[in-house]
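Peer 1: Starting from the structure of chain A, add chains B and C where the hints point.
Protein chains in written order, with full-length UniProt numbering: chain A, 1 to 265; chain B, 1 to 277; chain C, 1 to 289.
Just so you know, these hints were derived from the structure itself, not from any lab.
Just so we're clear, the structure is a prediction, and the values are computed from it rather than from any experiment.
Be careful, since some hints might not be right.
[Stated by the list, open to error] Below, a list of computed lysine to any residue pairs in the SDA-like style, where the Cα atoms sit at most 20 Å apart:
(1) C:K176 / C:R52
(2) A:K218 / A:T69
(3) C:K176 / C:G74
(4) A:K97 / B:L20
(5) A:K97 / B:A111
(6) A:K256 / C:A247
(7) A:K97 / B:R164
(8) A:K218 / A:G43
The chain contents come next:
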Amino acid sequence: MSLLRINGVSKTFQTAGGPVHAVRDVSLEVAQGECLAVVGESGSGKTTLANMILGILAPSAGEIVFGGTPLTDRRSPAQRRAIQLVQQNPLSALNPKRSVGGSVRLGLDVYGIGTRAERWARVEAALEEVGLPADMRRRGPAALSGGQRQRVGIARALACEPDLVVLDEPTSALDVLVQARVLRLLNDLRRKKGLTYVFITHDLAVVRNVADRVAVFKSGRLEEIGPTERIFSAPEQPYTRALIGAVPVVDDAELKLRNTLAEAP
Amino acid sequence: MIRSLRIIAANPLSLTGLILVLLVVLAAALAPWIAPFPTHNGAIVDFAYANQAPNARNWMGTDLVGRDIFSRILYAYQISLLLGVVVLAIATPIGTVVGLLAGYLGGWAEAVLMRIVDIFLSIPPLVLAIAVMGVLEPTLTNAMIAVTAMWWPWYARLVYSIARSEREEGYVLAAEVIGAPTAHITFREILPNCLPAIITKMTLDMGFVIIIASSLSFLGLGVQPPTPDLGSMVAEGARYLPDSWWLTVFPGLAILLAVFGFNLLGDGLRDVLGVDE
Amino acid sequence: MSDILDIRDLTLAFKGHRGLTEVLHGISLRIAAGERVALVGESGSGKSVTARIILGLLQETGSARVAGQVAFDGRDIMAMHPRDRAALRGTEMSMIFQDPTSSLNPTFTIGRQFAEVMHRRAPRLSRTACNARATEMLEEVSIPDPARVLDAYPFQLSGGMNQRVMIAMALVNHPKLLLADEPGTALDVSVQAQTLRLMHDLVEDHGTAVLFISHNLGVVREFADRVYVIYRGRIVEEGATDAVFHAPGHAYTRALMDAVPRITGVGLPEVPEVSDAFLAPMVRHGSAS
Chain A
1 MSLLRINGVS KTFQTAGGPV HAVRDVSLEV AQGECLAVVG ESGSGKTTLA
51 NMILGILAPS AGEIVFGGTP LTDRRSPAQR RAIQLVQQNP LSALNPKRSV
101 GGSVRLGLDV YGIGTRAERW ARVEAALEEV GLPADMRRRG PAALSGGQRQ
151 RVGIARALAC EPDLVVLDEP TSALDVLVQA RVLRLLNDLR RKKGLTYVFI
201 THDLAVVRNV ADRVAVFKSG RLEEIGPTER IFSAPEQPYT RALIGAVPVV
251 DDAELKLRNT LAEAP
Chain B
1 MIRSLRIIAA NPLSLTGLIL VLLVVLAAAL APWIAPFPTH NGAIVDFAYA
51 NQAPNARNWM GTDLVGRDIF SRILYAYQIS LLLGVVVLAI ATPIGTVVGL
101 LAGYLGGWAE AVLMRIVDIF LSIPPLVLAI AVMGVLEPTL TNAMIAVTAM
151 WWPWYARLVY SIARSEREEG YVLAAEVIGA PTAHITFREI LPNCLPAIIT
201 KMTLDMGFVI IIASSLSFLG LGVQPPTPDL GSMVAEGARY LPDSWWLTVF
251 PGLAILLAVF GFNLLGDGLR DVLGVDE
Chain C
1 MSDILDIRDL TLAFKGHRGL TEVLHGISLR IAAGERVALV GESGSGKSVT
51 ARIILGLLQE TGSARVAGQV AFDGRDIMAM HPRDRAALRG TEMSMIFQDP
101 TSSLNPTFTI GRQFAEVMHR RAPRLSRTAC NARATEMLEE VSIPDPARVL
151 DAYPFQLSGG MNQRVMIAMA LVNHPKLLLA DEPGTALDVS VQAQTLRLMH
201 DLVEDHGTAV LFISHNLGVV REFADRVYVI YRGRIVEEGA TDAVFHAPGH
251 AYTRALMDAV PRITGVGLPE VPEVSDAFLA PMVRHGSAS
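Next up, chain A with everything else stripped away, as it sits in the complex:
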């Protein structure tokens, strides 16, 4: 069953230089429990799409259906709670003047999850779930490393007990070793909690290892969508092939795959 359905959604921004079509007539579905990667370069419309799913932007046309109910501009707290976000830049995603616990707790307060007394316990549980010590809730974000901050960002989303998490380039600002650990954590959490991910990224190597399906965006249009396996073995669109061909690779097996794709018609 599809948890999220995007139906002919467009978004046009009115600017001084005329209208900009950020997203054009996009339709796709995300099944319960799957990880859909949304791939594209800057200006592809992937972030605009994410913001519409999150309710930060309203679509200019089309509708977004979540759990069978069309989402309107005014979402209920329950609808907001069901869709959460993990951001790209862990440095900016946490308020420097607020303790880690305070940031994670915000959703609990807004949605009224648990009694007031229970909330700190839930915050600590969320921190432990992402591999951080519970007493980190008293610390300020300044003392944390990039990887730790990103884990706090994940804990903040998880504390709200969402069904769908929009991951907006969640590891592209992290070092390689940290990125690998955070990606594993995200995978484990999805399995354990039956979460659904919309994973927005430009990194196809990451996509290959975390996504069930891939949606390729270019200039606001959905170029191609399909199972990860198929997209990487037999991409239909030249643009998809070009994207895969541009990925910097480290081992010979990868190089071989890239070269085969480049030679294909």
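Peer 2: Then chains B and C, alone, in the frame of chain A:
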């Protein structure tokens, strides 16, 4: 707190500022006890000692009706500080709320609020204050109203510029995605990030408010005699320069000392609180 | 072949509130003339400060304590007068940064910025000569309409275009050494791949030596002849690119390689926590020149 004090103490200029401010505040607070002639803050005449140059009895001399200038300066500090504190206590919250809403909400709120701010800012401050005082009676309360009216827009503009850049930060987006109310986002998320700049500006402004208030009373539009005020003391004495120089020089130095102190301290706080301009 | 850059036992520490913080623990690094060498490491490993020392920028920072030998083209950079070090920058050695758009001055046209760079080497160069030379360089980086670009401001050009302009500007004075700090990281992958290929070919044609600083192993593999891996201020492995990528010898290098997700989809790697093995002695691949 201890750490902040240590940073301030490490910089000789900031330390000078802190000491000057403490001196001024103590002088004002302890005026009734340390002033040699505590009764001279009112309408008292003592012609026997009128217009004396500085001497052992009157360290800073006496004025034309024989009142001790040193005593009057101590009391005048009370008025100056009271005025500064009251003005900032009213102007800062007004300016902060206006700036926060304009900066965070954008759109119509920004257009309307910031145009109002611009109108206030386009009028030269002293002219605005003189206009207010021209309509109202020249009293201490009205002087406060006048100075407040010209002061809040500066805070609106400061907070607006910070709020506008903070609006783009990820933590604001996070709060919006969660659906936190606007009041929470503005006052609980963005405001704490504006506070260092606001506190620094308030410290710097204490000095400037004292100058403006003194300028108003210098023009006869502020605090009225016989209440001692640094500005009116300078104004009165100026007519008897250079012969009775002590009438102007000591109140003038008193203004300088206070303004200098608050400015140096404000600059020091800027470093402590990590405000970048 | 003679070395264009010879760093020996370079140490760096910063003086802070709590005493000295050591950032570089004695690194040694050589680049032969015309050689493309990569310095790979994570953030905070000391790779960017190394570049700043080579450029002679950190030596003038009050809180920095730099020691060791840095010889550039046979001259001792550490002993040089700051003025002489400054004279080297933009002439004998030049630099390309991560974000091309913000490293160009937004208030001047590309043509004017080109002229400024060229005047560092030849102060009397005429305006027409500057323009002719700039046009030539822009053509070399495959910019289609050089005349239009010279009259443009950086914000009127795309990120990829600005990156090419940066490369052209960095090479216009025929430097002996080019320092590239995470070039193209701010660009889209496809644009990044193109510009790196372009840069690769160009420095080969010009015979320019390059110190390529990056955290991206894939990019390094495609660009460099030789690799140094840096971890917490120590070089842990050095060797020809092929050797290091095919047979990484140091535990840290292996962890780094394993951690990179593969487009062949072999799954997410199990990454070791920071281990003592990461501090093991340096591994040197013999065949390296």
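Peer 1: Starting from the hint list further up, note which numbers the structure goes against and sort them upward.
Peer 2: Of the numbered hints, 2, 4, 5 do not hold.
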